[in-house]
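Chemist: Here the protein sequences line up with chains X and U, keeping their order. Residue numbers for the first sequence, in the numbering used here: 129 to 241. Residue numbers for the second sequence, in the numbering used here: 10 to 121.
For the record, the hints were derived by calculation from the structure and aren't laboratory data. Some hints here could point you the wrong way.
To be verified - Here are some of the chain U residues that sit facing chain X, going by a computed Cβ distance under 7 Å:
| no. | residue |
| --- | --- |
| 1 | 12 |
| 2 | 41 |
| 3 | 51 |
| 4 | 52 |
Said to hold, decoys possible - Straight line, CA to CA, 35 Å or less: simulated DSBU-like cross-link-like pairs of lysine-lysine:
| no. | chain 1 | residue 1 | chain 2 | residue 2 |
| --- | --- | --- | --- | --- |
| 5 | X | 141 | U | 11 |
| 6 | U | 120 | U | 76 |
| 7 | X | 185 | X | 141 |
| 8 | U | 51 | U | 76 |
| 9 | U | 108 | X | 185 |
| 10 | U | 11 | X | 185 |
| 11 | U | 11 | U | 79 |
| 12 | U | 11 | U | 120 |
| 13 | U | 11 | U | 108 |
| 14 | U | 79 | U | 51 |
| 15 | U | 11 | U | 65 |
| 16 | U | 65 | X | 185 |
| 17 | X | 185 | U | 120 |
| 18 | U | 51 | X | 141 |
| 19 | U | 108 | U | 79 |
| 20 | X | 185 | U | 76 |
| 21 | X | 141 | U | 108 |
| 22 | U | 76 | U | 65 |
| 23 | U | 108 | U | 76 |
| 24 | U | 120 | U | 51 |
| 25 | U | 65 | U | 79 |
| 26 | U | 11 | U | 76 |
| 27 | X | 185 | U | 51 |
Bear in mind that the values here come from a model prediction, so they are computed numbers and not experimental data. Backbone N, C-alpha and C fix where the C-beta goes; we use that ideal spot for every residue, glycine too.
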Amino acid sequence: KAGVTQTPRYLIKTRGQQVTLSCSPISGHRSVSWYQQTPGQGLQFLFEYFSETQRNKGNFPGRFSGRQFSNSRSEMNVSTLELGDSALYLCASSLRDIAGEQFFGPGTRLTVL
Amino acid sequence: QKEVEQDPGPLSVPEGAIVSLNCTYSNSAFQYFMWYRQYSRKGPELLMYTYSSGNKEDGRFTAQVDKSSKYISLFIRDSQPSDSATYLCAMSPNTNAGKSTFGDGTTLTVKP
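Work out the full structure, taking the sequences as your base and the hints as a guide.
Modeler: Below you can see the structure in the form of structure tokens.
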């Protein structure tokens with residue numbers, strides 16, 4: 129069974145630009161969650177989608193948004209990039225939104241210059 | 010102060026040693042406790058998932074939860090070089106993954 133895939137793996141952007149990251153969950157998984165991981169703040173929850181609906185949202189500004197498609201693939205978008213947005217962005221999928229059932233992808237490393 | 014504090018490390022041990030990784034927390038509502046392992050350039054991988062207080066064993070790994078002390082531990086017996094990774098603790102008041110709070114991680118190196 130293929131794991132969670134994320135594209136691209138690495139990305140370099142400049143301040144003010146916007147970026148779109150993609151996540152393909154494990155086949156059959158309907159829940160997709162996004163996390164930001166930084167050395168200073170650790171791993172923080174961004175949002176979770178289930179069957180194309182956002183069910184949970186973390187404490188991030190509105191510049192961070194996401195969506196999920198009918199095939200469960202998900203994208204997250206960050207607009208007006210700031211230097212502090214440099215991070216590893218992780219996607220996790222599960223059949224349900226259960227903490228102990230999540231499978232993480234390898235992440236997208238975003239660098240904002 | 011963070012809700013979840015994890016021993017920062019880094020930790021370096023010889024092969025075969027017993028490793029103890031620890032986290033403390035302040036939110037008494039936490040009921041579910043998890044340990045993840047994260048290799049370099051990879052996403053976190055769930056190792057252990059426990060509910061409430063007590064011990065749980067899986068092969069060389071043992072997770073302990075002491076809710077009265079708000080303290081959780083992960084023990085690794087007979088540590089191997091392949092155990093070298095960053096270990097993250099996480100905890101949640103319910104099963105909802107979005108409510109999980111993660112520790113900052115402890116980097117472990119097991120030397121052959």
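Chemist: Look at each hint and say if it fits the structure.
Modeler: We went through each hint and held it up to the structure:
At about 11 Å, the closest approach between the beta carbon of residue 12 (chain U) and any beta carbon in chain X exceeds 7 Å, and the interface hint on this residue is violated. Satisfaction of the interface hint for residue 41 (chain U) is found here, the shortest Cβ-Cβ separation to chain X being roughly 6 Å, below the 7 Å cut-off. For the restraint placing residue 51 (chain U) at the interface with chain X, the shortest Cβ-Cβ distance is roughly 5 Å, inside the 7 Å limit, so the hint holds. Hint on residue 52 (chain U) holds. Least Cβ distance to chain X is approximately 3 Å, under the 7 Å limit.
With a C-alpha separation of about 30 Å, the suggested pairing of residue 141 (chain X) with residue 11 (chain U) holds against the 35 Å cut-off. Using a Cα cut-off of 35 Å, the hinted pair residue 120 (chain U) and residue 76 (chain U) holds, with the two alpha carbons roughly 33 Å apart. Note on residue 185 (chain X) and residue 141 (chain X): the hinted pairing holds, with a Cα-Cα distance of about 25 Å set against a maximum of 35 Å. Of the pairs offered as hints, the one joining residue 51 (chain U) and residue 76 (chain U) holds, with about 31 Å between alpha carbons and a cut-off of 35 Å not exceeded.
The hinted pair formed by residue 108 (chain U) and residue 185 (chain X) meets the criterion: a straight-line CA distance of about 9 Å does not exceed 35 Å. Among the hinted pairs, residue 11 (chain U) with residue 185 (chain X) is consistent with the structure: their alpha-carbon atoms are about 20 Å apart, no more than 35 Å. Simply put, residue 11 (chain U) and residue 79 (chain U) have alpha-carbon atoms about 13 Å apart, close enough for the 35 Å limit, and the pair holds. Using a Cα cut-off of 35 Å, the hinted pair residue 11 (chain U) and residue 120 (chain U) holds, with the two alpha carbons roughly 31 Å apart.
Restraint check: the Cα-Cα separation between residue 11 (chain U) and residue 108 (chain U) comes to about 15 Å, which is no more than 35 Å; the hinted pair holds. Restraint check: the Cα-Cα separation between residue 79 (chain U) and residue 51 (chain U) comes to about 29 Å, which is no more than 35 Å; the hinted pair holds. Restraint check for residue 11 (chain U) and residue 65 (chain U): the C-alpha separation of about 26 Å stays at or below 35 Å, so the hint holds. The straight-line distance between the Cα atoms of residue 65 (chain U) and residue 185 (chain X) is roughly 31 Å, inside the 35 Å bound, and the hint therefore holds.
Our distance criterion of 35 Å between C-alpha atoms is broken by residue 185 (chain X) and residue 120 (chain U), whose separation comes to about 41 Å. The suggested pairing of residue 51 (chain U) with residue 141 (chain X) holds, with an alpha-carbon distance near 22 Å, which does not exceed 35 Å. For the given pair, residue 108 (chain U) sits about 18 Å from residue 79 (chain U) by alpha-carbon distance, which is consistent with the 35 Å threshold. At roughly 27 Å between alpha-carbon atoms, residue 185 (chain X) and residue 76 (chain U) fall within 35 Å of each other, so this suggested pair holds.
In summary, the hint linking residue 141 (chain X) to residue 108 (chain U) is supported, as the alpha carbons are separated by about 30 Å, within the 35 Å threshold. Proximity of residue 76 (chain U) to residue 65 (chain U) is assessed by CA-CA distance (about 14 Å); at most 35 Å being required, the pair is judged to hold. Between residue 108 (chain U) and residue 76 (chain U) the CA atoms are separated by roughly 18 Å; this keeps the pair inside 35 Å, and the hint holds. For the given pair, residue 120 (chain U) sits about 21 Å from residue 51 (chain U) by alpha-carbon distance, which is consistent with the 35 Å threshold.
A threshold of 35 Å between alpha carbons decides the hint, and for residue 65 (chain U) with residue 79 (chain U) the separation of about 17 Å falls inside it, so the pair holds. Pair hint residue 11 (chain U) plus residue 76 (chain U) holds up; C-alpha atoms about 17 Å apart against a cutoff of 35 Å. Restraint check for residue 185 (chain X) and residue 51 (chain U): the C-alpha separation of about 24 Å stays at or below 35 Å, so the hint holds.
Of the numbered hints given earlier, the model fails hints 1 and 17; all others are met.
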